[in-house]
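Colleague: Go ahead and model the full structure; you've got the sequences and the hints to work with.
Listed in order, the protein sequences are those of chains A and B.
For the first sequence, this note's numbering assigns the number 1006 to the last residue and increments by one with no breaks.
For the second sequence, this note's numbering assigns the number 1107 to the last residue and increments by one with no breaks.
Check the hints yourself; a few may be wrong.
Unchecked claim - List time: in silico EDC-like cross-link candidates among lysine to aspartate or glutamate, alpha-carbon distance up to 20 Å:
(1) A/LYS894 to B/GLU1044
(2) A/LYS894 to A/GLU754
(3) A/LYS288 to B/GLU1104
(4) A/LYS899 to B/GLU1044
(5) A/LYS894 to B/ASP1032
As the list claims (entries may be wrong) - Okay, the calculated beta carbon distance ranges per label pair:
(6) B/LEU1009 to A/PRO683: 35 to 41 Å
(7) A/PRO82 to B/ALA1106: 47 to 53 Å
(8) B/GLU1044 to A/LYS486: 52 to 58 Å
(9) B/GLN1092 to A/THR592: 34 to 40 Å
(10) A/GLN908 to B/GLY1027: 24 to 30 Å
(11) B/GLY1027 to A/GLU928: 33 to 39 Å
(12) B/ARG1094 to A/SER606: 38 to 44 Å
(13) A/GLY886 to B/GLY1027: 25 to 31 Å
Simulated from the structure, these hints should not be mistaken for lab results.
Backbone N, C-alpha and C define an ideal beta-carbon position, used for all residues, glycine too.
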Amino acid sequence: MSSLSRASARVPGRGRVNTRRPVRFTFDGRSFEGFEGDTLASALLANGVHLMGRSFKYHRPRGPISAGSDEPNAVVAVGSGPALQTPNLVATQVEVYDGLTAQSQNRFPCLQFDMGAVNNLASPLIPSGFYYKTFMWPRNFWTKVYEPIIRRSAGLGVAPTEPDPDHYAFQYTFCDVLVAGGGPAGLAAALTAAKAGAEVMLADETAEFGGSLLFDRASRIDGLPASEWVERTVAELKKLPNVRMFTRTTVFNYGPHNMVALNERLTDHLSTPNPATPRERLWQVRAKQVVIASGAIERPLVFEGNDRPGVMLASAAQTYLNRYGVACGRKAVIATADDSAYRVALDLLEAGVKIAAIVDIRPKPDSELFRKAKAAGIKVLVNSTVQRAHGSQRIHSVELAPVLPGGDVGEGKNYSCDLLLMAGGWTPSLHLFSQSKGKVVYNAELDTYLPGESAQAERSTGSCRGVYDLGEVLADGLKAGVAAAKDAGFDGEVDLPLWEVTSDAIGRGGFTGALPRRGKGLTAMAFVDYQNDVTAKDVKLAVREGFRSIEHIKRYTTTGMATDQGKTSNLNALGIASSALGRPKQQIGLTTFRAPYTPVTFGAFSGHERGNLFDPDRRTPIDPWARSKGAVFEDVSLWRRARYFPQPGEDMDAAVARECLAVRKSVGIFDATTLGKIEVVGPDAAEFMNRMYVNGWTKLGVGKCRYGLMCRENGFVYDDGVVGRIAKDRFHVTTTTGGAAGVLTMMEDYLQTEWQDLDVWLTSTSEEWAVIAVQGPKAREVLAPLVDGLDISHATMPHMSVVEGTIGGIPMRLFRVSFSGELGFEVNVPPSRALEVWERIWEAGKPYGMTPYGTETMHVLRAEKGYIIVGQETDGTATPDDAGCGWAVSKLKKDFVGKRSLALPAMQDPDRYQLVGLYTQAPQEVLEEGAQLVASPNEVIPMNKIGHVTSSYHSATLGRSIALAMVSGGRTRMGETLYVPMEDKVIPVTVTSPVFYDAEGARLNV
Amino acid sequence: MLLIRCPYCGERAEVEFSNGGEAHIDRPRDPMSLTDEEWAQYLYMRDNPKGLIAERWRHAHGCNRFFNAIRDTRTDRFVVTYEIGQPRPEVTPEQAAEAAR
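Modeller: Here you go:
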């Protein structure tokens, strides 16, 4: 492009860009100048650049057809670097700033010469359904050959590969009236709703309020040019304290119960944004009333070459000229089916653009604008249409031809031009209304769909409900604002402004479907959906192949399924389907509009919830101590738990072996704070426990503990934990770490909804007690001097007992319990004092060689004893008896949760999976947890599985490996050899008791 | 996101609640006296109506209380919410039509 043409596309004195603030940016590595207020598209067009992208399937050169969020073609990536690039933005929405870098997409090696364009030559071979039909065989070619090639050549932009350094915000808010869209109708509605007293939010997706008024040079409101009226009205709104206004903010989702989502883009238009400002903010707005003022989108015309750079919507050219001061060409042809194009012609003419011809498909257009255009000397061909646009990377001429009676097309004539404008009429933007579950209704007079009855507290106003005349639009907006405020509870008198409007009288027009074409047109590249490269003949082909429903046609051809959501294409696709099916449009219906209205970044959806804020990180009071001792941590539900404490040079196996032996031989200290705890209190506490747990509680003495097992009503194990009776009416219940919340909920459920006769209170005390487990033969000797005179001898405080006291003056509940099989205590103290107590115990334990241990050692120790872990040995299909805990189930109680189910015949089946121990025949072989068990090593696939390994460790205490397993009829198989088939070998194992160590429990009772 | 009226706290967003399945299914007073079929009926069989359903909700991130609600499963519109223990309220044809709309 020469520097002459680059300079000449700006029209002095036109547009709202700030010509005193030039900015430099790059596109595909080339440097360009634009002005503050430009979009990337307007700045490139000002530099004479129309070619901005390649199409999805055929890699055809493409330029922008629109000037807004409906743009299907000019899809670009903005930013650079592996983290900062944002793909799939439309150049018509990206605002330029100093230093912006943008790249075209979908081309290799470059935009002007793209290898993929070979697809264009092969296009007759790539009809709709091509991929479904072609890549079926050979089957294994799909993942290895076809898919990688298709993925590289198709698809849009490239996703960033590194974490996004920007930050995003989320806010939840309320308002009386939310106005979606800041054009004339939206401004009027916001103003009157606010004047009625309602809290109003007004959002517009572009950088400025005003909508169509920003490119409307013809209309006057109260004698002011439309854009000045916008400034006056915006200033008036800004003064009102009950109005919140948002530009660059897209209302992208209309959810149930008037919950509306907005995406506010705060920094993307800035050269040097404040690092404290989030890049985007997602708003979730609960609005009492919603006013949809989303406007209308101009329809393209469907003809051969309608996608060539230089072909665009008439209103887009008008926007580029009047809002951005850019003439998109020097000589234009305008193909229209609507009066509004004549105003575009007059605007362009006034700016010095030559109008080669206006070609109007209507037989007798007759309006004031038509006459004005004629009077201005513009050549107008009526009852005629465009046949074809010539040119590849930019059009150079178009063929225009008369429409003959009967629908055929006569002999055409070429007109040279570098700009072809399409005006197919207006499509009301129904996306938000449709998302709100409102049903759209076909309007024969306007030949389009309009909002029908509201499904939620909303109303549409202005051109999105088919009102196009500016005076009527403003009046409609005023009325909508008053009505919305009234329905939100503000029904006082409002002083309605009386605006005097003069504007072009707009007649009826519009066209849907493919333009008439000479001959059969089977080779024509006439695009319906530009972004997904769907042509008119693809839609016809779908019908020919038997698709009848518009939803099926949509999916088969992918029309309307691109990132632009079919904003420009839906109605034309419907028109083509309608004529191919020979059924009127209203009998076919529109496809469903889905959120988001325009693409929203993943950053906006994740908001603050990323990195450390993705999930709460629960840490115990002992966490800093464990870190200082070099602990390796693991996540257990939301908790961060010390897994093992390696000494220099130790791996996990070595550390765990050392920790295990220390506990068995002397004493270990373990942080069990994460245990769930529930305080069950009240006169009926024991009865409540009787009903909730499988065990009996009535006879449990004060100061005693019992292992409690809880089932669901279906009889399967749900949770377990030691329960201490603190007083006659008070139980200290512990649960598994992950089960705490679920157990409390289940208890509350029964208490609130089934057993309202019981006088019981439930309180989560998980966060009120830190738990320090001291386990090992020396545990008592360590603790006895610390517990302020409490007698913790075996006689006074035997295994499974609990006592309240103090430790160094700090309140304590001391449990004598063991999950290791050794003499053990669990010291419960308030978390605020826990570290202090821990350090005191640690000091006292040093002479005994006290060893800190983590969850891994805890697991090995309990497995040696055959203690189950709910969720590891059990999987939601294990009864207490299956899990080897049948002894815990009370035979005396008439009822408890799960009892009736345990009596079902299937629960008595002798072949049920039962907990057993396994010894590998090679003692050092450690099985894989989850490995399957079979009866014979020679079984053929599919093998008959008879069980699986649930826990497997190397036991330092026993000097060999051990495993727990659930095995069909397991308790009758003691001594049997079973087999674990692995990928490369079969491991023989011997079934044994799940208790590998101290089966008689002698070490507990010392 | 639905707006749900907790009978104790007022209208709150759906994220504060968890659904507890069909309401008005009383746990049998003496489960052991039931046949297997009767027990299975209680345990597993639930209605899945297209239209109005009475269901349990819990204000999990609020007062943590269970309550009942009548909702139209087609539109997710709530007709009424009410405290546990109260009988299922009568729904007038007008209310039903409004919820179905």
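Colleague: Determine for every hint whether it applies to the structure shown.
Modeller: Against the structure, the hints come out as follows:
| no. | hint | in the structure |
| --- | --- | --- |
| 1 | A/LYS894 to B/GLU1044 | holds, 18 Å |
| 2 | A/LYS894 to A/GLU754 | holds, 16 Å |
| 3 | A/LYS288 to B/GLU1104 | holds, 17 Å |
| 4 | A/LYS899 to B/GLU1044 | holds, 15 Å |
| 5 | A/LYS894 to B/ASP1032 | holds, 18 Å |
| 6 | B/LEU1009 to A/PRO683: 35 to 41 Å | holds, 39 Å |
| 7 | A/PRO82 to B/ALA1106: 47 to 53 Å | holds, 52 Å |
| 8 | B/GLU1044 to A/LYS486: 52 to 58 Å | holds, 55 Å |
| 9 | B/GLN1092 to A/THR592: 34 to 40 Å | holds, 39 Å |
| 10 | A/GLN908 to B/GLY1027: 24 to 30 Å | holds, 28 Å |
| 11 | B/GLY1027 to A/GLU928: 33 to 39 Å | holds, 38 Å |
| 12 | B/ARG1094 to A/SER606: 38 to 44 Å | holds, 41 Å |
| 13 | A/GLY886 to B/GLY1027: 25 to 31 Å | holds, 30 Å |
Consistency note: the structure conflicts with none of the earlier hints.
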